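Asks: One letter stands for each residue in the lines below.
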Amino acid sequence: MSRIGVFLCYCGSNIAGTVDVEAVAEMARSLPEVVYVETNKYTCSDPGQEGVKNAIIEKGIDRVVVGACSPRMHEPTWRKLLADTPVNPYMLEVANLREQCSWVHKDREVATAKAIDLVKMAVAKVARLQPLHSIEIPVHKKALVIGGGIAGMQTALDIADAGFQVTIVERETSLGGKMVMLDKTFPTMDCSACICTPKMSEVGNHPNITVKSYSEVENVSGYIGNFEVTIREKAKFIDYNLCTGCGACETKCPAKVTNAFEQGMSQRTAIYKMFPQAVPAKPVIDAEHCLKLTTGKCGVCSKVCPTGAINYEDEDKLTTETYGAVVFATGYKLIDWKPLYPEYGGGKYEDVITGLQFERLVNASGPTEGHVLRPSDRTEPKSVVIIKCVGSRDPNKGKAYCSRACCMYSAKHAHQYLDKVPDGKCYVFYMDVRTPGKGYDEFYMNTLHDGAQYIRGRVSKIYKEGDKLICKGEDTLTSSQVTVSADMVVLETAMVPADGIDELAAKFTVGRDADSWLVEAHAKLRPVETNTAGIYLAGTCQGPKDIPDSVCQAGAAASKVIGLLNKDALQSNPQISRVNETLCQGDGACVNICPYGAISIVEKQFRENSRKVVRPVAQVNPGLCQGCGACTVTCRAGAMDLLGYTNESIMREVDALCQW
Amino acid sequence: MTAQDTIRARARELLESGEVASFVGWEAGRFANQTTPLIISDPADADKLVFNEYCVNTLAKYVRDLVPRGKVGLVVRGCDSRGIVRLIVDQVIKREDVYLIGVGCPGVIDRKSGEPLKKCTECRHNNPVICDEMAGDEVAKDAPADRFAEVREVELMAQPERSRYFESIYAKCIRCYACRDVCPCCTCRECFVDARRENWVGKQNNVAENRFYGLTRVMHIGDRCIECGECERVCPMDLPLMKLNRKVIQDLNDLFGEFESSMSLDEGPEPLITYDLADREEFM
Amino acid sequence: MMKYAYFPGCSANTTGKSFTVSTAYVAEKIGVELVEIPDWNCCGTSAAALTSPELAVALPARSLAIADRELPGLDVVAPCAGCYRSLKTSLAFARESEENRELIKKIINAPYEAKADVLTLLDVLATDEARETIAAKVQRKLRCLKVACYYGCAMVRPADVCECDNVEDPMEMDDLMELIGAEPVDWAFKTECCGAAQQMTIPVQAKPMIERIFQNAVANGADCIVTSCPLCMLNLDMREAEINRARVANGLEPFDIPCYYFTELIGLAFGADPDEVGIDIHFHPAKTLLLQRELDALELEEAENIARAEEARKKAEMAAKIAAKKAEKAAKEKAAKEAAAQAAAQPEEGKEAAE
Amino acid sequence: MSVVETNEAAAQVPENWEPKIIAFCCHWCTYTGADLAGLNRMNYPANVRVLRIPCSGRMNPQYVIEALNKGCDGVLVCGCHPGDCHYVTGNYFARRRMMIFKRLLEYEGLEPDRFQVRWISGAEAGKFRDTVMSVVEQVRALGPLNLTREIPYFELPAVPDGEEAFDAVPEEVVPEEVSA
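Chains as they are written, first to last, in the working numbering: chain A, 1 to 660; chain B, 1 to 284; chain C, 1 to 355; chain D, 1 to 180.
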């Protein structure tokens, strides 16, 4: 038999103005198991709270109903109050007499009747609640950053500067991401490499940062404060302790491979550094193309290596470590426009290039040493067409969203082209020009002054006649058809999430939207957190962004991580799912439905009918479970129940209500 | 060799070699048009096994209680095999717990009427969906009767009529739980109706509690039902239970795409424990 | 034997006569039986949709329903691209839902279950079976003829209705042309609109659409345009002279690029006389080019024959030389061997003698 | 429902009858929206009592059956809009389950308006009020639910296609006893 105390609040006249609180109290006294009822002008005030405490001690109350404002307002207050009393903070139910009763009804009689029901429901529920206890979750003071682009590097630096250990996992052979491929950055036209490479070396040299290049996340388990992550470091075939990065091997390697860093516009060797300023500044061997590794013949690099660092026997290495927090900074790639836009030649024409290819073409360290030369015949294009929104804002063919950065970098491309080819003509086909940013619109205006011709409309077809690319399109401002004969066409293609994001996010149970961008916990108020506690987002993995926005978000994610790692332990939410192992059949329907991967099926030994039986049962990870209760509904036997909102307590509430 | 001969021979071999501890099939009943399920563990009993058009019982559920005593051999038709798939997917037994002798089944005959049993005229899978070996050939499938015809019939009734119709069903139900006991989807360690939990489900036999049982039963098995029709066949009050199961199955098919439960061991999650972002939206 | 229900369309016996004649010729040669749908009616083309969307789906459905009923089990072939698009659109609509079929049934007042598929003539001729037969029946390869295969807009669009996976660059006709020895050129206007619908109403916009097609074909080295749509054919063939007049007035070179139906060329390859497959009734003179290319092909063949003979002669010469060299070498070796044997025998003899 | 029956039902409505409706609301969206309606002093009928659950994914169909069995005239289930679930996917599962369950209840003869599901966000106080008002009005128009609880003493109509239980073996099938 429980001893329930009911505390009803007047809330000045907020509740008492419409609800006859004393009548409610009178009714409450008649309810079974209620041993004490008190009304108060302001229960949440200091004297009000003191009164509750005293009553609990004096009357030997073991569970509490508060009839006052919404639990969303003061439930934490009451829990805190109960923590100082013998009553467990979770032996509490709040009847919402203000927001959902007195404030929305005018008729005193009706409102009082409803208040009575709400208190009845609360009493019915509280009578069968069980005491719940938080557990302490230790926090491993180490962070993992996935992705070594500008967002990942910035996050790592900020966390490391705060004194915590950080590991960066980078899939490519060097840090730098997309930013280091760019030539200049808008709107200031800083050289991208000049501002990115110092960050790379700062990361590479930071005492608190471990860079795992050419590595990927293999496996994850655990939860906030305790993510156990296995990282696969792909075989580099080079002993980095011996290698000095002299580059002798690269000059002698006979194999030639298309250079992905230069967007396929030049060739590299099979033993290679991604680019000269790579961090780590040491090469790897591309096992797919190395003659020694594929045919067994060659071995030139090991002959020329002065330190004997080459090891053809090298294998992938797996390491497992525990991290307190994880930051996704996995970035983006450009959409593969070729299958989507056959009307642009679908890749048939060599001189129809992407924006990233153009970046390499104008880059002084790129394949043409900064001269704008079209790929097909290495001549200087005298007219260039830039097409924006290729794959963006095009739900029929590509993506419905705006890729955000393209308006600015297409203006930059136009500006750069006109700068390098003063007698050239540049036409930009656009849908809208969106330049909301500091100095952005000024930059766009300058490009117009440079002489770029902006034509509002899409290009419907690109075809070749002679050595000219004919672009047919519409000028929607004059409603006329336009045909431009160009030497080169630059497609400003949409950003899409990096390859493999679906698998990676699934490992961490991070949500993705329909386009596979990672989903933040709240679009406005929790933009860098995810719905899985302890996992944060930085940069374009969350959606298209430019560099300043990525860096901004990286800093925000870092501050969240620092806040978490500063704690020694976390208090878990005790209102989570619990398995009744006697009833659990282990069929795993709950595993399927859990959005957090908090439930697993384990084989356990039981003694049943005087026999030892091993059978599968569900197990809830208290660090991962957030208490949504979706699993409880899938459990036909009712083996899974949600503490604080048990099947029984909800049924009791329904029954209490039906007696009205 | 007839399928029955093969079954007998193989059952004897399996029991003799010790590969299975028990074997489940049918034996002849008192009358020629009658059979009962038979569980044997002595190879000498193998000749009692029969297989004919009166084998009305579906065997899968018997396996559950036999598995703790060792591997079970059993004869499976389409319905039995889907029951076995269900039990395996629901982790009640493991695949290696059973040895399945498949047999094609053209449908069985109702002993009372001499007509094919209703569940068989609607059957879409005459041959086993899994088995270790086949006794005899697969049978060709006749076009089955429209399994949703009875659902549509009810849907065409006016609302008050439907309400009275189901009320009459619930009033007639005696809560014997035969439908549950025979169902291969009902494998909870403790059924919710047996649970002694306050406010969970009442034990009274009245329309309200019977409705609670009936509706909950359908929600529990709807997306896993193998449509063997046994619940309806065993009901001593002859309640048309498949009208409820099939309603859910029909809606699942209509709303979330073609789906038949328990057709293979590696099929994806059932429709109610998964979702699609593009699901129909009716609740805006 | 391949058998299809045949929907001729209203151009069949008027502007598209050549297409009908050549289709019949080719079909007969390769053993494709085309059974005309009894009492078929106009497909409605783009005009019906302007009147009412229901009419646009019901008109073609009536003919399809007759085909289903009278010619059960046969798929429907519509050679005209416009007919094909109308029929296909109606079919897609009917297959979409039960309600749609009910609507159609109500309008056409006849049973209709949308059973038969709708095919283009290209679909029919591009099957492996048909291609094999075509390859076997070719008597005269149309060598030296550079063709720009022009599919037109209606056969591929809307892409989801026409189940076309390569709207910009279809290849079925190109493959057929290769099969009969012609050289398809890679060009950019395979499925571009020829502006047929607007030629009367907005000629200022529509004329350049034709001109661009000719221009791109010529720029990519084509001798002629090969089409599968009677309306495209009419439009291009009939208006070439008009466009040339305008070009000459503007000081531009006129085009001389005849147009053919792909069936006409296949017929020619099968050994037909041009008049037999309807090439005599084109607007733009169409026979000269064929004769010229036939001549070119013969000359080419002659040159090839000479080259081949020369090659064979050289080969024989070389072979003879090699044989001579080999014989010489063998003789030398033999002589050397004999000499060695003699030398070996001699000392023995000497030894013997010495003893 | 035929006109005659409607009149009959209306005739049975007791005087001063008020519909009883229970609303299961998810804590993060609809409960918040209901609070906001209070904060804005919106006015709506008091016939609805809100029962807080953490997520619409927690909504077990059994609660609905219980409520209807025990005398509620209508049930409303509310959650976050799809895509906005605080627990990421809870309402997607709820959407499927409730769609099936609603169809099942209607199949068994429940009027569609008596069981409704709505997505109401934390900002949609107005939608919460409008939904409550419309549900109350719809249920009021339907009258009391009065599901049969006890097995009636009078004769119920026979289950249409159910044969009599325990009937004898029909004559035309001649049972042949198997010789032992």
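One or more of the hints may lead you astray.
Claimed, not checked - Calculated from the model, a selection of chain C residues having no Cβ within reach of chain A, i.e. all distances over 10 Å:
id, residue
1, V167
2, A219
3, V248
4, L300
Stated by the list, open to error - No more than 27 Å apart at the CA atoms, straight line, and that leaves these computed lysine-lysine pairs for DSS-like:
id, chain 1, residue 1, chain 2, residue 2
5, C, K207, A, K468
6, D, K70, A, K524
7, A, K604, B, K203
Derived from the structure by calculation, the hints contain no laboratory data.
The structure presented is a predicted model; accordingly, all values stated were derived computationally and were not measured.
Here a beta-carbon is modelled for each residue, glycine too, at the ideal position from N, C-alpha and C.
Asks: Run through the hints listed earlier and report the numbers of any the structure violates, in increasing order.
Replies: 1, 2, 6, 7
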